[in-house]
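A.B. asks: Read top to bottom, the protein sequences are chains A and B.
Residue numbering for the first sequence follows numbering that gives the first Met the number 0, beginning at 0 and increasing consecutively.
Residue numbering for the second sequence follows numbering that gives the first Met the number 0, beginning at 0 and increasing consecutively.
Worth flagging that the hints you see were computed from the coordinates, not collected in a lab.
Just so it is clear, the structure is predicted and the values come from calculations on it, not from any experiment.
Be aware that one or more of the hints could be misleading.
Below, a list of computed lysine-lysine pairs in the DSS-like style, where the Cα atoms sit at most 30 Å apart [unchecked claim]: (1) K239/B x K239/A; (2) K1/A x K381/A; (3) K381/B x K381/A; (4) K245/A x K218/A; (5) K218/B x K245/B; (6) K377/A x K1/A; (7) K1/B x K381/B; (8) K239/A x K218/A; (9) K377/A x K377/B; (10) K245/B x K155/B; (11) K377/B x K381/A; (12) K377/A x K381/B; (13) K155/B x K218/B; (14) K218/B x K239/B; (15) K218/A x K155/A.
The lines below spell out each chain.
There are 2 protein chains.
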Amino acid sequence: MKVDSVDFFYLAMPQVTTAADGSQDALVVRVTAGPYQGWGECEASPLPSIAAFVTPMSHGACRPVSASVLGATLDGPDDIRRMAATIAYNSMDLLQAAHTWSGIEMAMWDLLGKARGVPSYQVLGYARAYPKIPYASVLFGATPQQTLERARENRKAGFRAAKFGWAPFGESLAGDIAHLEAAREGLGPDGILLIDAGQVFNEDVEAAAARLAAMERTKVTFFEEPFHGSAYAAYGQLAKRSQTVKLAGGEAAHNRHMAEHLIDFGGVGFIQIDCGRIGGIGPAKDVADYAAARGVTYINHTFTSNLALSASLQPYAGLETHTICEYPTGLQQLARDLTRNHITPNSNGEIVLPDAAGLGIEIDPDALIRYRVDVEIKVSGKTIFSTPSY
Amino acid sequence: MKVDSVDFFYLAMPQVTTAADGSQDALVVRVTAGPYQGWGECEASPLPSIAAFVTPMSHGACRPVSASVLGATLDGPDDIRRMAATIAYNSMDLLQAAHTWSGIEMAMWDLLGKARGVPSYQVLGYARAYPKIPYASVLFGATPQQTLERARENRKAGFRAAKFGWAPFGESLAGDIAHLEAAREGLGPDGILLIDAGQVFNEDVEAAAARLAAMERTKVTFFEEPFHGSAYAAYGQLAKRSQTVKLAGGEAAHNRHMAEHLIDFGGVGFIQIDCGRIGGIGPAKDVADYAAARGVTYINHTFTSNLALSASLQPYAGLETHTICEYPTGLQQLARDLTRNHITPNSNGEIVLPDAAGLGIEIDPDALIRYRVDVEIKVSGKTIFSTPSY
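In isolation and in its complexed conformation, chain A is listed as follows (with noise of 0.2 Å):
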């Protein structure tokens, strides 16, 4: 088969806020090759990625992604790999392409899954899909009350595991303090509780380590992005310090390179993978094998829909021991909408990936209208992109 075309829908909910929510916008990304189609979806910002796709060469080492795509075999992972080889080089100097090419890559093993009849971790390799702990994602609240009545909620709606992330985290020592306990108390002492800093210490390690104390006490398991994604002497400063909380970093590798140094040189206990922004499923397989031979858990970072998430979870499910996942419970309406079917947990509470071919989930194209974002780009007076309809 070829790869017939390459299509981007841009959505977004109707207002966009500062939250540091996900899904609030969408690019999502259908390829087609032969008599397939495959969906995937880039955690990314919508516009600049589909610039990269569509802008004019500006040189050898910095051509569209296109270029690499369009036309090109694509009936095995192989094919899969040299065009994401083709693009590294091609692309070098294109520094969005990453982003753009996550979607697409995505997509093309769920259009392998599907010529197969197979799911995507088969095509991958893996024999089965263990079953994850989800742990609910969810964000601090404005006040410690509010951060102990979310987890108390996610705990009755039956996770075993929360993440409480970004703001108001790193404002005030005495706040952070108060936010743990409150998380601790809502989950219940036998809860896992897990920390996202979201960057707030930039590389400031005293800062990240005056809060080491109030996390040991509180049983936090680990605790991610104290710092900018490639501060890595930082990350390893504080890995040291930590007597039993483990740091976890990685969802913005924009490349398996970014993660296998956080592993090598940032000292992490758990390596989190965003497959929208590392080049796809393929390289995130890659970083799972390597924190596998080196007794690093990998975890998947989603924070947009189920398609997402289903994509994030199959390079790592056929690793029994890595037993947690990461799992929005907080979707906006668009993500929701985005998919027919949905990963919800099981009787048990875990989640277990969709044994139909591909990444086993639908597309709802009544979404891909409901929300859509018009683009139109124009150079030199031709129109190079405009929203495709459905």
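Take the given structure of chain A and dock chain B to it, following the hints.
C.D. replies: Quick look at chain B alone, frame taken from chain A:
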């Protein structure tokens, strides 16, 4: 002063080819604050970079670059650094943001220099700018004979140093050896010979190492980018196997962390920074300080106009012992026409930064018109970008 406007001018040659020649197009940036204007240039794919400035917000950590820049206070270096920090945080998930910001940041140092009536390197804290020995940056010939002729031409043109790069280097060991010997012959025994592999070996240490003996025999000073810019482990291994040839890299760094990692983990002896990618002049100066403190030599990476060249020399202008600089000699007409004045070697064959205010380079408005590529971006029926008239 406040940042009143930021304008982008996308320029291109009538024909853009797959040659590894970054001067075939340009993204020029004009920043206006109070009565002053500053000019910069992104070393980046123009369309995605423009899109990253104007795109609608996706969420709080994926805001357009414009949100952190327009209306911001710009009275001194601290204001530039504050904006950089804001973008790093509020545009964390917008990959292209670093490239977009690079040209804007550069323009701000130009503007501050003009406002204070001093060269930008003085605003940056250097008392003076030391002359640099330029190396001609040229592409390998298609045949060893062409490479030999180019080396001779450069020597005749007065260059003591020359860097040869890209295809066909890496295609065959025998061919590479022939090109290395041709380049050495053409430069003469005392010429400074530098090699740029353009990442052709990806992370294949053996393939790169196979060239070391010939490089040592032909007295290559540095071996640039043998690998993918993030393949620190491969760099580190090759660095240990080399006797006299030092590794060089860093041009792809889109934040200072990446450059520091290449020094710390990759063992490079030369760190090459492109101000049009790393986030501008400020983070490049940070890398220069970091390198100098560790015995690593800083060099600019520049393959576009003399505006970019001036900007790229500012961060290490005051480092007396960091003596060589990249000096592109094969610029396309667009890159030559863009500036009214040019930086050319003096009678000693050395490069001296202009002592005029700011970056000391005057843009030719005619070039902005002559090479103009019109761009229009509409989102939800509203035009959010159209190429400004000069």
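A.B. asks: It remains to establish, for every hint, whether it holds in the given structure.
C.D. replies: Comparing the hints with the structure gives:
About 28 Å separates the Cα atoms of K239/B and K239/A, which keeps this hinted pair within 30 Å; it holds. Restraint check for K1/A and K381/A: the C-alpha separation of about 26 Å stays at or below 30 Å, so the hint holds. Annotation: proposed proximity of K381/B to K381/A holds, straight-line Cα distance about 18 Å (limit 30 Å). With a CA separation close to 11 Å, the supplied pair K245/A and K218/A stays within the 30 Å bound.
Note on K218/B and K245/B: the hinted pairing holds, with a Cα-Cα distance of about 11 Å set against a maximum of 30 Å. A distance of roughly 27 Å separates the Cα atoms of K377/A and K1/A; the hinted pair therefore holds under the 30 Å criterion. A distance of roughly 26 Å separates the Cα atoms of K1/B and K381/B; the hinted pair therefore holds under the 30 Å criterion. For the suggested pair K239/A and K218/A, the alpha carbons sit about 17 Å apart, so the restraint of at most 30 Å is met.
Restraint check: the Cα-Cα separation between K377/A and K377/B comes to about 9 Å, which is no more than 30 Å; the hinted pair holds. Between K245/B and K155/B, the direct Cα distance comes to roughly 26 Å. Compliance with the 30 Å bound is thereby established for this hinted pair. With a C-alpha separation of about 13 Å, the suggested pairing of K377/B with K381/A holds against the 30 Å cut-off. At roughly 13 Å between alpha-carbon atoms, K377/A and K381/B fall within 30 Å of each other, so this suggested pair holds.
This hinted pair checks out: K155/B and K218/B have alpha carbons roughly 20 Å apart, not beyond 30 Å. As the CA atoms of K218/B and K239/B are separated by approximately 18 Å, the hinted pair is consistent with the 30 Å bound. This hinted pair checks out: K218/A and K155/A have alpha carbons roughly 20 Å apart, not beyond 30 Å.
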